[in-house]
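Put together the whole structure using the sequences plus the hints.
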Amino acid sequence: MIEVTDLSKRFGDKVAVDHLSFKIQPGKVTGFLGPNGAGKSTTMRLILGLDHPNSGSATIDGKRYAELAAPLRTVGALLEAKSVHSGRSARNHLLFLAQTQGLPASRVDGVLELVGLRDVAGKRTGGFSLGMSQRLGVAAAMLGNPQVLLLDEPVNGLDPEGVLWIRNLMKHLASEGRTILVSSHLMNEMAVTADHLIVIGRGKLLADAATEEVIARGSGQSVRVRTPDPDRLTALITAEGGTAIPAANGNGGINGTAGPGSQATVLTVTGVTAARIGELAAASSIVLHELTPQLASLEDAFLELTAGSLEYGHLDAQPADWSSE
Amino acid sequence: MTSAPTASYSPAGTQPDLPPSRPGFGHLMLAEWTKIRSVRSTAWTLFLFVVITIGLTALFSWISAANWTGPHAADRDTTILADPVGFIFGAGIGLGQLTICVLGVLVITTEYSTGVIRASLLAVPRRFPMLAAKVAVFGLLMVVLAEIVAFGSFFVGSKILHSHVPVSLSGTGVLRATVGAGLYLTVLGLLALAVGALIRHTAGAISTTIGVVLILPILTGLLPDNSFYNHLNAYLPQQAGSLVYAVHQNSGQLLSAWEGFGVLCVWTAVLLAAATYLLNRRDA
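These protein sequence lines map, in sequence, to chains A and B.
Note that this note's numbering has the first sequence beginning at 2, numbered continuously upward.
Note that this note's numbering has the second sequence beginning at 388, numbered continuously upward.
Rather than coming from a laboratory, the hints here were simulated on the basis of the structure.
Please note that a few of the clues may not be correct.
[Said to hold, decoys possible] Have a look at the derived ranges for each label pair, beta carbon to beta carbon:
#1 A:G128 / B:A523: 24 to 34 Å
#2 A:S22 / B:Y664: 29 to 39 Å
#3 A:D110 / B:Q636: 38 to 48 Å
#4 A:G127 / B:F615: 23 to 33 Å
#5 A:K15 / B:R668: 17 to 27 Å
#6 A:S58 / B:G413: 25 to 35 Å
#7 A:A67 / B:L527: 21 to 31 Å
#8 B:G526 / A:D196: 48 to 58 Å
#9 B:Y664 / A:S58: 14 to 24 Å
We put the CB at the ideal spot given by N, CA and C, even for glycine.
In structure tokens:
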């Protein structure tokens, strides 16, 4: 279990982490969510003892990171920032880490196998793709078979195959009873990966709840429907007590525009479940080209939670503002 | 290989039986040895160190021997004849020591420039043992190699100069100077490592080290000849340390050979202590 208590960190007069307290429970994937600059990476670095807090403490199974005798056997970490010498081979990078923990060299081959890098183990890491580098980072994190894992933006820049792989690995590791904390600014990724969410903004805790709860707290579920017969469907939905809004300006640009040659219109429906919409359409023989419960509702919840706590940019840039385009 | 490796994913691999073990200082040294040997810059700088030091010793000795009765005979008398052993070492070490300064700095600054320091400190969160293991491993590597180079330089230089000024290891102070040359280079490398740990940027740390080793003695040498400035000059790390590989004592020399080496060691120890203090305090 990771326990963060009243943790604060300033850089000069800028407060990066502001009296943060939370507990991360074992056996599930906990998402650590926040806009860029919210203090996610700093919090992780404080937990890992790389930065020194101005106040408060962070413990792992009751111990500060620096008190762990062989830390990689307790905690594995994948940091967003690069931490590999480009001239060193993947095997040697893992080998020196294994040696610091008194782990046998055979364990290096084990984790290389686990992440699928065995064939390039002797290659210098400078030539690695982003995906391979992330896999090497995961290998380093898994080296000591730790019960606690901290992953900072692990899917950043990965191709779909890599994203799926990381997602399944995290779920599998959590199912083994491990404690998994994974940070991201991608709400949709967290919606399908995390069981529990810690949301922070400007270093402050905004939410600490189960993922479904955070979503439920938001603007409610919406469903994306694409149909060549929007008027009839809208009437049916309205009769059912829901609202359907043409979403040509919907989720920003590409998503809102129908495919080439298609006359279909995209509707954003709230107040009616996807299943019910399907039933209504079937009963009236209305053709549907798409019927998708929107994971973007987590995005909405997230934007609502973090409103006013963005480090850069402004939140006014919401889809509605793009309608003139 | 250009394509991403296949997403082979074996849950079984996440449940290994790891031997229980509590890592000690030996494990940390082994890890530091893996780090040092697994990057090319180490082999390259050490190769340059050996070639430059022994090569220049041979070159300068050969030039001197070939022009023994030339127009520069007076210089020859004050340098080579006054202290042939000091001449042999001075020729190669003058430039060879710069490669050691570079390597000493790189051993720690590349950890910062590449970000490996984060991996290192995650593995060894108590920072003093990490630095101590690095100093120990680099020190051991250096002392072995520097002694080989010191004895190699001596045999090459003395062989070339033999017909003009015969010197041998059995001469007074010769063995001390030869062993001392290797020790000087070793401690200088550790001093460079300490500067690297303090400054954390490769270019800045190399400039600083070379400034201290090469430029500072020249500048203080220009100062007026009085007791204060003479002491200042004599206690500079390079000026003091280099006494250990000379045989002849200049008149008015403030430090003996071993005292001078001791001064270099004190400089290095103070800088390493400062580096440890800052390593513990700074965010990585």
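**Which numbered hints fail** = 3 and 4
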